[in-house]
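Novice: Here is how the chains run, residue by residue.
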Amino acid sequence: MSGNSPKRQGERGFSLLLVVFSVTAFWQSYAISGFTGLSTAGVFPMLASATMIAAAVCILVESLLESHDAHADVTVDQKSMQSVLPMRLVIMVLLITGYLVAMPAIGFLLSSAAFLLASFSYLWRKPFLVSLLITVVSVASVYIIFRKLFQVVLPNGSLIQGLF
Amino acid sequence: MGEIVSNLSMVWTDPWLLFLTAIGTLAGIYVGAIPGLSVTMATSILISFTFKWPVNDALALIAGIFMGGVYGGSRTAILLNIPGAPSAIATAIEGYPMAKRGDAGEAIGLTTVMSVIGGFVGIFALAMFAPVISSFAIMFNSRDYLLLGLIGILLVGTLSGESFAKGAFAGALGVLIGMVGLDPMTAEGRFTFGNVSMMGGIPYVAAMIGFFGVAEALVQLHQLDVAVVRQRVDRIVPKLRDVKRYLGLALRASGIGTIIGALPGTGGDIAALLAYDHAKRSTSNPEVPFGEGCKEGLVAPEAANNAAVGGAYIPMLTLGIPGDAVTAVIIGALFIHGLKPGPLLLVETPHLFWFIVGALSLANICLLIFGLTGIRIFTKIVECPKGVLIPLIIVLSAVGTYAIQNNPVHIYWMLLFGIIGYFMKMYGFQVGPVILGVILGPMMDSNYRRAMLGARGDMGTFFWNFVSHPITLVLSIALVAMLLSQTPLMRWFNRWRTARQRR
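As given, the protein sequences belong to chains W and P, one line each in that order.
First residue of the first sequence? That's 1 in the numbering used here, and the numbers climb one at a time after it.
First residue of the second sequence? That's 1001 in the numbering used here, and the numbers climb one at a time after it.
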């Protein structure tokens, strides 16, 4: 799914973020047991984060060289920025976050139904009743298959306990 | 011997296990076929429901999902020109032109039969070689396991990603995620930030479902409006003449698939591409040119990718090293069921090994039955709009993550890993090495420290041990060769060599 397009807007920023993250990870790894021995708890995390720093620096250099070669075209870059972070994605992530935060409070059934209805209506754009029908069928199937057949425990909801 | 036979046949004789394997295979075929749902995603979500089951039930379902999932990708490759899984890329090259000619049914029938043949070759190899490798692997020491882990992560990282640096970063990030929590040797906290809930470590099922389920669903948001082209499907059962004609090629491709599957870090996708290449080179006069619907090019990758399933179980069960991302997920499931994949698995629990072999064989038979039937319903299900599919994946991911320990915090981890995974995918990183790192990281850490303690903390002795033991030396050379082949040094050397040859 990654595609082969070498230049995506924000790639340099992302690479820089990786370097910063890797350095922080190294610092945290060092904090575990310092350089007190070669078989302490912190050695392997330090090795892993050092590998991350080296790799992240290489990735950053690669991305800097790529854009330098290409004389980055603003309009193309704006387009690819949209392709990395389209509005649809932002809205879906917000919906998912809302769903996952609401789930422990109002329970699996209600939160899933609300989430599915909202996202079907947003992504699928069919008449409301169709979305509602698919939502009911989906939630009922998930409930029957997983709760009844597979005996999976689903969040009950602390606010309306016992109801759903 | 009698015990082996009874364990082999257990899944065939117990109606519940038979049902689970069949349902797993069916689910695997459909999930593997729906573009946007990968085998890894299906395995990680579905396996999370089996954690509280008896181990045999779980193993039967897993065998079915894996076998069906690897095959399922071929159907969409043929019908829609969208490989349902990376292992079906080569299938799309030949299968879709066949479908456009009106031979979709024939293509599906042939791939089904060849997949089943490939599957049996892989299972046969598993049954024959795993006990041998296992008895050999008992001689492996901690250094060898450290090297095997490194080789596995690097192979997945380098063979499937955009660049070596990205593969290495993803693998190392996985190792770091696997380190979070209390150190099992000294009980020191690592990356816990004084938080009690972090002391148990990051739940790796949340990481798996996040990286493979949620991240993939988010990436799919980009392809919401891809139109689907329908194909006519008629005769499905392939002609006996065709099966006989391509049997030799299928067996050779299965051999390739088994070996590639058995190598740590390489799975069905690479096996399929190599087998396709083999078919191209070994077929001198194809009826139809390659790329235009050549049956040889369809048979070889399909036989190989299903043979790789049996192959991938070999390092997983004998060494505890997953062969690819799917087996990394399965190995996580085995750990949760209290099994210890590794050389002792066959010594301590031989009945489970033979049970797995039996389950895979049954799954392969189910594949033949389901593969040759139900195409009409299939085309309807595969056309399920993404706008419906994506929210459903999210709900199933949440249920799967919550199911393991009933802890709502795990679903937040899942979302976090999903978002990280999305950006990684968008910027050309593979998430497979991350999961391999999460699974193999703690194993590599403890083996590294054991090896270092064995060398009494002396760096010189530690490195000397890597060249003074034959098995370790072979593995070290393999690792160094892999690393060198990825460095600019190698590129310069190649450029220098070609320049010299030209002169």
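I should point out that these hints are in silico values taken from the structure, not numbers from a laboratory.
Be aware that one or more of the hints could be misleading.
Here are some of the chain W residues that sit facing chain P, going by a computed Cβ distance under 7 Å [unchecked claim]: (1) Glu11; (2) Phe14; (3) Ala25; (4) Trp27; (5) Ala31; (6) Leu38; (7) Ala41; (8) Met52; (9) Ile53; (10) Ala56; (11) Met87; (12) Arg88; (13) Leu94; (14) Leu117; (15) Ser121; (16) Leu149.
Owing to the predicted nature of the structure, the values given are computational and were not obtained by experimental measurement.
Each residue gets a CB set at the ideal place from its N, CA and C atoms; glycine is no exception.
Novice: Restraint: W/Ile53 near chain P, CB-CB cut 7 Å. Satisfied or not?
Specialist: Check failed: Cβ of W/Ile53 comes no nearer than 9 Å to chain P, outside 7 Å.
Novice: Holds or violated: is there a CB of chain P closer than 7 Å to the CB of W/Trp27?
Specialist: Where the cut-off is 7 Å and the nearest Cβ of chain P is about 11 Å from W/Trp27, the hint is violated.
Novice: Can we keep the W/Ala56 interface hint, with Cβ of chain P closer than 7 Å?
Specialist: At 6 Å from the nearest chain P Cβ, W/Ala56 passes the 7 Å test, so the hint holds.
Novice: Going by Cβ atoms only, is W/Glu11 closer than 7 Å to chain P?
Specialist: holds (6 Å)
Novice: With chain P as the partner, please determine if W/Leu117 meets the hint condition of a C-beta pair closer than 7 Å.
Specialist: violated (9 Å)
Novice: Can we keep the W/Ala41 interface hint, with Cβ of chain P closer than 7 Å?
Specialist: Status holds, d = 4 Å.
Novice: Tell me if the interface restraint on W/Leu149 is satisfied: Cβ within less than 7 Å of some Cβ in chain P.
Specialist: Hint violated; W/Leu149 Cβ to chain P Cβ min 10 Å, cut 7 Å.
Novice: Answer holds if the nearest beta-carbon of chain P is closer than 7 Å to that of W/Arg88; otherwise answer violated.
Specialist: Result: holds, 5 Å to nearest chain P Cβ.
Novice: So, W/Leu94 near chain P? Judge it on the closest CB pair being under 7 Å.
Specialist: Check failed: Cβ of W/Leu94 comes no nearer than 11 Å to chain P, outside 7 Å.
Novice: Tell me if W/Ser121 is really an interface residue toward chain P, meaning its C-beta lies closer than 7 Å to one of theirs.
Specialist: Cβ of W/Ser121 sits 9 Å from chain P, so the hint is violated.
Novice: Under the criterion of a CB-CB separation shorter than 7 Å, is W/Met52 in contact with chain P as hinted?
Specialist: holds (5 Å)
Novice: Report holds or violated for the interface hint on W/Ala31, using the least CB-CB distance to chain P and a cut-off of 7 Å.
Specialist: At 9 Å from the nearest chain P Cβ, W/Ala31 fails the 7 Å test, so the hint is violated.
Of the numbered hints listed earlier, those contradicted by the structure are 4, 5, 9, 11, 13, 14, 15, 16.
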